[in-house]
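Peer 1: Assemble the complex: chain A is given as a structure, and chain B must be docked to it using the hints.
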Amino acid sequence: MNILDQDFSEMLLDAALSLGADAAEVYVNRTVGTEILAGKTEIDSVNLRLADGYAVRVLRDGKLAFGSSNVCEKAAAIELVRNLARRCDLHSPDDNNILPEPPTGERVQVSEPFDPEMADLTLNAKFKKLLAVEQHARAVDPRIKGFGWLQYGDTVQETVVVNSRGIFARSRGTLAYVFAYAFAGDESGYQTGTHVEASSHFDKLSAQDAGEKVASYALRMLGASTASSGEYQIVLPPESGSAFLKSLSEMLSADRVQKGKSPLRDKLGEMIASSNVTIIDDGRLEGGLATSPFDSEGMPSQSTVLIERGKLAGFMYDSYCANRGKTFSTGNASRSSYHSQPCISPTNLYLVPGQVGAESLIRSVGNGLYVTEVSGLHAAVNPTTADFSVPAKAIAVRNGLLCEPIDGITLSGNLLHLFRSIEVVANDLTWTPADGMIGMPTIGVSSIKVTGAS
Amino acid sequence: MSASPIPDKTVLHRLIGILLDAGADFCDVFCEDSSYNAVTSDDRKINTSYSTQLGAGLRAVKDHCTFYTDCTEMTPDKLEAAARRLAAGLPTHSTLSPCTVVLADRAVIDMYSRIKIDPAEARIELKHDLVRQAQEAAWGYSGKIRQVTARYSDIKRDVLVASSHANEVVRQRLGLTEFVITVFAGSDSERQMGWSGKSFFEGMEALTGENSPTRFAEAACKQAITMLKADDCPRGEVPVVFAPGENGILFHESCGHGMEADLIEKGSSFAGLLGQRVASEKVTIHDNGTLAGYPGSYAFDDEGTPSQDTLLIENGRLCGYLHTILTASRFNVNPTGSGRRQSYAFPPIPRMRNTYISAGPDDPEEIIRSTKKGIYAADVGFGGQVDVVTGRFITSILLGFLIEDGKLTRPVKGATITGNGIQALKDIDMVGNDLVINHSPGRCGKGQEVPVGVGMPTVRVRKLTVGGTGSTF
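Same order as they appear, the protein sequences are chains A and B.
Take any residue in the first sequence, note its place counting from 1, add 29, and you have its number in this note's numbering.
Take any residue in the second sequence, note its place counting from 1, add 1, and you have its number in this note's numbering.
This is chain A alone, in the form it adopts within the complex (with noise of 0.2 Å):
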């Protein structure tokens, strides 16, 4: 059966209902999808994917029971709620598990980011886009000579979220990327670059935009060399910068707040970063790759300031947080899969542009560091902390301009820190896809600690 018919979710509250739930919710996914590998200048492998599931959720006595599957069928969906009926009682009761009702008042239109022609693209369209990347990235220099990784993909998604309160919430999207990871090599050694080129629209996926970048990613840092430790300035542009903010994004969780897992947990109303610092998460914003008119609870998407001029303005919720904390779902609740329970992650959030170009911004800077890649943040930041010590690259600044390339530093301090020490933001706001997508202009930070050549 269509299980994005109305139908089969009706079908199932129902029959959870009928099991004696106070509540039940039904989440449909479907994606359809395209992985294409490209080797030596032709490609190696293609897959297409077509992933129907769902996810149940059944609430009883204040214990919130959840399962999923993709088998379809009417007899096997049926047994899912019976047996999720069962285990409710082994659950904890929480006064503050909730399955939300529809919110009252108007309905603000979001335009989804859909591509009605993604369904009907060939593969040799697809093969095309992806081989051009690397003819675009050979052509910036011979000294490209390959790729470590270079993958396309697309999806098609469809979603409906139905529960017994009265949610009944049908959203789809497309997306199309690129990711790519080339390597540069001279008498100097290798180099490596990586770069994500993503879009709502196949036609408006750069193959030359992705294969330019990655190709001066690699390009740039050729014959490097490692930089004296000290306390030294720096400029993050977007591509690295937004590792920096995605990491503040996890510490903006209502859900690691309220458990004391988040370093901001008592900070409500502080100044917690530099003036300059505005940064919002938008689930409505126009033309965002993670624009949606619902979360994965089916509550409306709104637009949320977290830090606004530096004080700390609110955090993201789910329905469950947003009731334990007497407040409202800011519509952050997010599923990445059919398997996976509903959790707080940003959609489209970012760091609020000035009003300097970026070039400028490193001018004003004068000497430091253009940190150019850090790698693995997420795995050295302490979430309870904030502390963070992290490998990086980077390009010499002097007397205002771009210089030499640095290779093998460590940069440590602390997260917030970091927040409250950036000086200038620039108006060059860049989207990156990471769990939502991550919005980063270039930023120049006053101070932080690296470790070069001992």
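Think of the hints as simulated: they come from the structure by calculation, not from any bench.
Please note that the accuracy of each hint is not assured.
[Unchecked claim] Which bits of chain A does chain B cover? Going by a derived footprint, with three or more residues having C-beta under 8 Å, they are: (1) 97-110; (2) 290-303; (3) 461-473.
Since this is a predicted model, take the numbers as computed values, not measurements.
Idealized CB from N, CA, C, for every residue including glycine.
Peer 2: What follows is chain B alone, placed relative to chain A:
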């Protein structure tokens, strides 16, 4: 529920036939019927979840290009439609006549049969009790414990591979029983994390004795509370002594990935070095998929090749890579049984299984005693990241101790280690005789997540860059 939904041989023959008729050089059908159970405790609330997953992945390889699709409805009609969809994508080949396929059944040793208390059959209340015991042990450990997140999970997968490569059908059951606990300790101003846990290809009998959930809870609490007392790690280039066991993750990341044949083809730093010295003579590294009870073990891989113990580095010399059928054919060697998939939805790629540095000649205590100044990495945490082309890697040291004049002194936190994989292997100057292979609870990610084991004895690397928030060494 009802009988197995995995298709019978008549259907498999037809699917393989369709793909061969379309000109595939070889093809396979991978089917799985899986169930996942979890019981979690977070913020003193216990909840459960349950998932089932059923599907088939169809693969056709033509001129070294892999064409793949999946199908989640296991009826003969739907599977045949998926095969025809895949066949239509292959470069056409008109001279072939329809072929009749008959696949033989190959008997395999079902590792699942070793399981004593099958979690798929066990009452959910038993699993609930384990989580509750761990939760209570952790909250009761000390007044400093501020948050506890514990998770029991079990997985059972019935998998089948029908392949034109060996003209065989093989079937096995895979299973994992896992427990992980994370605790947060601290005061109002400071919080530190500690964790512990393991994953077994065994039944619930594994979670007893020293591997009981309450023991994991105590270990996690002890770590978090030690971290509270820890100083910021100094930074600089110093010798690093790694504690045995789970720290093998560092060599999994920094070297193991670079020895996967698909990454060799893409220019890994281990490419072209077969037979050459890539490590100190004291270093021997195995990737072993036959160890009973470990999360990276199986009777055959996800393309039907029997698992094996693959020697990667022997006494410092690089002696092999990890291969699938496809990479092995290009390297003109035998596949190593390393073709793994996260699920039916993914084509197999070369992956590690249980990867470890073998025991060496040195006394672990002597390794510390002979280190004048350095870091003892007790726990490098949850892996890290590696750039396979240059071999550069990063990993964090969750908890370490300073080594001063041959003794472990103060605990230190917040350090990262960076280095180059091959250089680090060459800089290993002492290898302990105390090998521990760990039942790692994490997953290894490479576009697809698979369970792996890691291990090592106590090992000293002469010099690594330690980045910390503290002063310089």
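Peer 1: Are three or more residues of the segment 97-110 of chain A within 8 Å, CB to CB, of chain B?
Peer 2: It holds: at least three residues are needed, and the segment 97-110 of chain A offers 8 whose Cβ sits within less than 8 Å of chain B.
Peer 1: Within the segment 290-303 of chain A, is the number of residues with a Cβ closer than 8 Å to a Cβ of chain B three or more?
Peer 2: holds (count 3)
Peer 1: Taking a Cβ-Cβ distance under 8 Å as contact, does the segment 461-473 of chain A have three or more residues in contact with chain B?
Peer 2: violated (count 0)
Hint check: a violation occurs at hint 3 only; the rest are consistent with the structure.
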